[in-house]
Amino acid sequence: MSRIGAAMVAYLKDSARASSEGWDAFWFRPADPTLLGVIRILTGLMLVYTHAVWGLVLPDFFGETSWLNEPLVRAISTGAYRYSFWWLVPQGMIWPAHALSMVILVMFTVGFRSRITSVLSFLITVSYAYRAPAATFGLDQINAMLSLYLSIGPSGAALSVDRWLARRRGQVIGDRPEPSASANLALRLINVHMCVIYLFAGISKLQGEAWWNGEAMWRAFANYEYQTFDMTWMAWHPWLINLATHITIVWEISFVSLIWRPRWKPIVLLGGVVMHLGIGLCLGMWTFGLIMLVGCSSFLPTDAVGGMVAAMLRRRPRPEPVESPSYPAPVSRLPIRVEAMEPSLAGVADND
Amino acid sequence: MRGEADSPGAPRTPALLFSPPVFPKPEGNFHVNGGDVDDRGAPLDARRLRGLQRRWVRRVVSAWLVLHLVAIVASPAATEPASELASDLCGYLMPYLGALYLDHGYHFFAPEPVESTLIRYVAERKDGTVVEGVIPDRKTQPRLLYHRYFMLTERMSEAPEGLEELWQESYAHRIAQEHDAVKVTLFERIHQLPTMEKVREGGRLDEPESYDEEELGVFE
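Same order as they appear, the protein sequences are chains A and B. Residues 4 to 355 in the numbering used here are what the first sequence spells out, letter by letter. Residues 5 to 224 in the numbering used here are what the second sequence spells out, letter by letter.
Bound conformation, chain A alone (with noise of 0.2 Å):
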């Protein structure tokens, strides 16, 4: 009976260890910052997109006697810890106030001051939100995401304003950003969170009979108020919007799980492709489906998205570090050789 409960502790310690390490490498084990990077950039040409487009009516959405007013807003909002920037801005400086957010998503956007700009990204996509709550959409909850994750890694390590500025001062060496555990945790953040919305997204449909019978993608072609792209073709083939309704449930349910096994991801991220250029050009929200891809785009490998960036970056001739009396001569500030900044390809396996 000892020898049992001996062997029970030892296994139930030795998984605890491994959960432990297991855990420590999949959320701080230091990555290439790079694709942090691409996402910022994509992640902020859209919220310097969704904002602009709000430019465009903004007296009617965030003035004074808007869509959406004061009182119904706050009886919405109540108990249910929101909050804006809007309703501290008067009448008279909603212009300025937004001209200003713009300012701050286009800084984010090209990297400068990325800690502090991608912050205030993400409380201005919030802050908007919020104002004008019923005029959002899964659009603005990703945007709303992914901006909140980039705060919290060095989205602005690379390919960025800060990093070409750190150059030119002569304070980055070697082709490649340094590896960071932030910058895997930030990825890591964006990982779980699309599988956790994709399976929410695939699970709550189960209970629709529509995506049991095989009419739902019919439902959603057939509606006119969606529709940019005539589908009702498919009216003669239901066997078609069959087959698409259940690959569509099939694939957002099975997303969690296909997405970490190496032979599946192609072909999961080709499948979200697919979906959402499809959403995009049979329903007309480009601007969710792009975004999403975004998200999705967190799973394409740290180091081979690094290293591809870096062999486009060398293409380019690149300034000469300036040496400044201000500043010591470039000596490397990271954590690991020097030489490990230039590995080749072949033989280096990624993080994913």
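Calculated directly from the structure, the hints in this document are not laboratory data. Just so it is clear, CB atoms sit at the ideal spot from N, CA and C, and this is done for glycine as well. Careful: at least some of the hints might be erroneous.
Stated by the list, open to error - Every beta carbon over 12 Å from chain B, so not counted as near; a handful from chain A, in silico: (1) ALA10; (2) PHE29; (3) GLY95; (4) VAL113; (5) ILE176; (6) LEU316.
Stated by the list, open to error - Listed below are the simulated SDA-like cross-link pairs for lysine to any residue, each with C-alpha atoms no more than 25 Å apart in a straight line: (7) LYS16(A) / VAL70(B); (8) LYS202(B) / VAL253(A); (9) LYS202(B) / THR235(A); (10) LYS143(B) / ASP233(A); (11) LYS202(B) / MET234(A); (12) LYS130(B) / HIS177(B); (13) LYS187(B) / GLU73(A); (14) LYS202(B) / ASN216(A); (15) LYS187(B) / LYS202(B); (16) LYS187(B) / ARG208(B); (17) LYS202(B) / LEU243(A); (18) LYS16(A) / ARG63(B); (19) LYS202(B) / TRP239(A); (20) LYS143(B) / THR53(A); (21) LYS143(B) / LEU61(A); (22) LYS187(B) / VAL222(B); (23) LYS143(B) / GLU169(B); (24) LYS187(B) / VAL134(B); (25) LYS187(B) / ASP131(B); (26) LYS143(B) / ILE194(B); (27) LYS143(B) / VAL126(B); (28) LYS143(B) / PRO164(B); (29) LYS187(B) / PRO99(B); (30) LYS130(B) / ASP184(B); (31) LYS202(B) / TYR227(A); (32) LYS202(B) / ASP184(B); (33) LYS130(B) / SER120(B); (34) LYS202(B) / LEU61(A); (35) LYS143(B) / LEU243(A); (36) LYS143(B) / VAL70(B); (37) LYS16(A) / VAL126(B); (38) LYS187(B) / GLU205(B); (39) LYS16(A) / VAL61(B); (40) LYS143(B) / GLN196(B).
For this one, chain A is given, so just place chain B on it according to the hints.
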């Protein structure tokens, strides 16, 4: 969440775009005491560990991660129909979820795609002229702006009990302002979805008889 390449002896493949995930082996490449590697397999210098490479920082962040993961799952799990556990958990975490704009259900097109709700309005000016319109207007560009208006009408149809009137008043007030009107009448238009059979018989998606209309009220 461990990949196939985690298994001992798995071949190390070149870092192609979709190369397999490589977590540290069970023996642990990711220890702060000498064996750490980054995503390129390069060892970390234990003497120069910073931030998240320090064990105590990782423990604190891990505690937050547990909270965060519970929160992002609790929010969609609490979307109706939901268990009491999920609802209560979401309620406790609402300050966190609300502050980070994470209180979402992600129930896209669920439980199933349904008919659209639109608003038709009739706005009367002081001089007796009348302006009529439908929200959303399919001519609205860019498309993102069209979706903003579409969400306005869809959300009004899902207004919580007790908020319907406030909601309608807000829209009516805006329409009156836009058209310099003194009286606005709102109608809710439900656009029924055609069946495949109906389309095969020659039906169109915008058949006038596919709209059901109901007056919401007159606002002066």
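Which of the listed hints are broken here? 2, 8, 15, 16, 23, 28, 29, 32, 33, 34, 35, 36, 37, 38
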